[in-house]
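Participant: Sequence:
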Amino acid sequence: MSRQTKAIIDLDAIAHNYQLAQKWAKASENIAVIKANAYGHGAREVAIKLEPLVKAFAVAIFEEAVELRSAGILKPILILQGINSVDEVVYAAENNCWLMVHQPAQIDILSDPRLTNLPATIKLWLKVDTGMHRLGFNPENVASTLVQLSSLALINKELVLCSHFSHASDIQHNKNRRQLKRFDDLFSELKKNKKLTDFKLIRSMANSPAIAALPASHYEWNRPGIMLYGVGLFDIPHVTDRDLKPAMHFISSIIALRKIKPGQSVGYGGKWVAQRATLIATVAVGYADGYPRQVDNNSEVFVRGRRAPVVGTVSMDMITVDVTDITDVSTGDVVELWGKNIMANVVAQQASTIGYHLLTSVSARVPREYVQSSLEKTQ
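Using the working numbering, you'd call the opening residue of the sequence shown number 1 and step up by one each time.
Keep in mind the hints are simulated off the structure, nothing from the lab. Careful: at least some of the hints might be erroneous.
Capping the alpha-carbon separation at 30 Å, the derived lysine-lysine pairs in DSBU-like fashion look like this [what the hints assert, rightly or not]:
#1 Lys26 x Lys192
#2 Lys245 x Lys200
#3 Lys6 x Lys340
#4 Lys259 x Lys245
#5 Lys26 x Lys340
#6 Lys55 x Lys200
#7 Lys192 x Lys175
#8 Lys157 x Lys181
#9 Lys259 x Lys75
#10 Lys55 x Lys75
#11 Lys191 x Lys26
#12 Lys271 x Lys261
#13 Lys75 x Lys194
#14 Lys195 x Lys35
Start from the sequences, fold in the hints, and give me the full structure.
Facilitator: Here it is in structure tokens:
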């Protein structure tokens, strides 16, 4: 019998959260971000669920786009890190992939003389650095970059100008508004530029937190990512949190129970010492599965309808939990690590990290079980 550690993925919750993005920004189209294996939830399964609802998907790298096309996904796919070779441009043209362009070297690739007789023009997203200082063209260089692109026959004349907030999880941060103003000012200048009349310029700025709480950033395209998976969007609790439905229910089970005496320690390094007679449950999950080692006696799990503290150092394959105060606990009991009763964001804070990190760290050895309505499928 295999161990009971698994991640139950509620595909209906993901669809619900996507529809929230539509509700919160009615005038915008939404591109569903399913990079990093749909934030650990399974890109293939999530894409199949969302394809009837979405206009397009976004991934980080080409390999992720190839995986989706191999799975039969047909909607356009935006590749957020863009191209690294001529072959990738050809693949994009042949497979309806949109390309993010964020540096001059990528324009050099697009200008390669070998790129002739492509089956379709390529839709570009041009990234502008409004303050993130990670990727993108400086605002003062965007007009000349667009003029250069306008000479390329392989480029679709509808082009998306986009940028990214550096402080989106703190929606009241002044830098969000400064970035937005810089972006709006640039767009206004470009619209007046007579050298750019060949292009139909549209915009994208809003990620998940901005979709929820910064309507001034709701342009033609929004980019919901973490919100699709039901994780809180902000550094502090926000009114929109209650509308999101967590999509991942990460569970394991108790494989052993042990009584220890006051003064005895538990786990590597003896970092936790019992202050009373204690019943310790050993749970079959560890950092090799994606449970964060950094919680360090500062987290809880949910078992038999109650919260119980994780004690001792997280091991590769196991954690230990103080279940002294839980009645009738026994081996085989299901333990929720995060999901319906323990929020992933809360565990992330206890581990001094973020929900994104937690979800994407659930490892390949944890089976994903997909649930939608009454239909369940195990993979």
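Participant: CA of Lys259 to CA of Lys75, is that 30 Å or under?
Facilitator: Violated - the C-alpha atoms of Lys75 and Lys259 are around 56 Å apart, more than 30 Å.
Participant: Between Lys75 and Lys194, does the CA-CA distance stay at or below 30 Å?
Facilitator: Roughly 33 Å between the alpha carbons, so the hint for Lys75 and Lys194 is violated.
Participant: Quick one, are Lys157 and Lys181 close enough, alpha carbons at most 30 Å?
Facilitator: holds, 25 Å
Participant: Regarding the pair Lys26 and Lys340, is the alpha-carbon distance no greater than 30 Å?
Facilitator: Since the Cα atoms of Lys26 and Lys340 sit roughly 28 Å apart, the hinted pair holds (cutoff 30 Å).
Participant: Does Lys35 sit within 30 Å of Lys195, going by the straight-line distance between their CA atoms?
Facilitator: It is violated: about 35 Å lies between the C-alpha atoms, which goes past 30 Å.
Participant: Does Lys192 pair with Lys175 here, judged by a C-alpha cut-off of 30 Å?
Facilitator: holds, 26 Å
Participant: Lys259 and Lys245 were given as a pair; does the straight-line alpha-carbon distance stay at or below 30 Å?
Facilitator: Judged against 30 Å, a Cα distance of about 37 Å means the pair is violated.
Participant: Does the structure keep Lys55 and Lys200 at a Cα separation of 30 Å or less?
Facilitator: holds, 19 Å
Participant: Given the hinted pair Lys191 and Lys26, is their alpha-carbon gap at most 30 Å?
Facilitator: holds, 24 Å
Participant: Quickly compare the C-alpha distance for Lys245 and Lys200 to 30 Å and report which way the hint goes.
Facilitator: Outside the cut-off at roughly 37 Å; violated.
Participant: Lys55 and Lys75: Cα distance at most 30 Å?
Facilitator: holds, 7 Å
Participant: Starting from Lys6, check that the Cα of Lys340 is at most 30 Å away, please.
Facilitator: Since the Cα atoms of Lys6 and Lys340 sit roughly 14 Å apart, the hinted pair holds (cutoff 30 Å).
This entry does not satisfy hints 2, 4, 9, 13, 14, going by the numbered hints stated previously.
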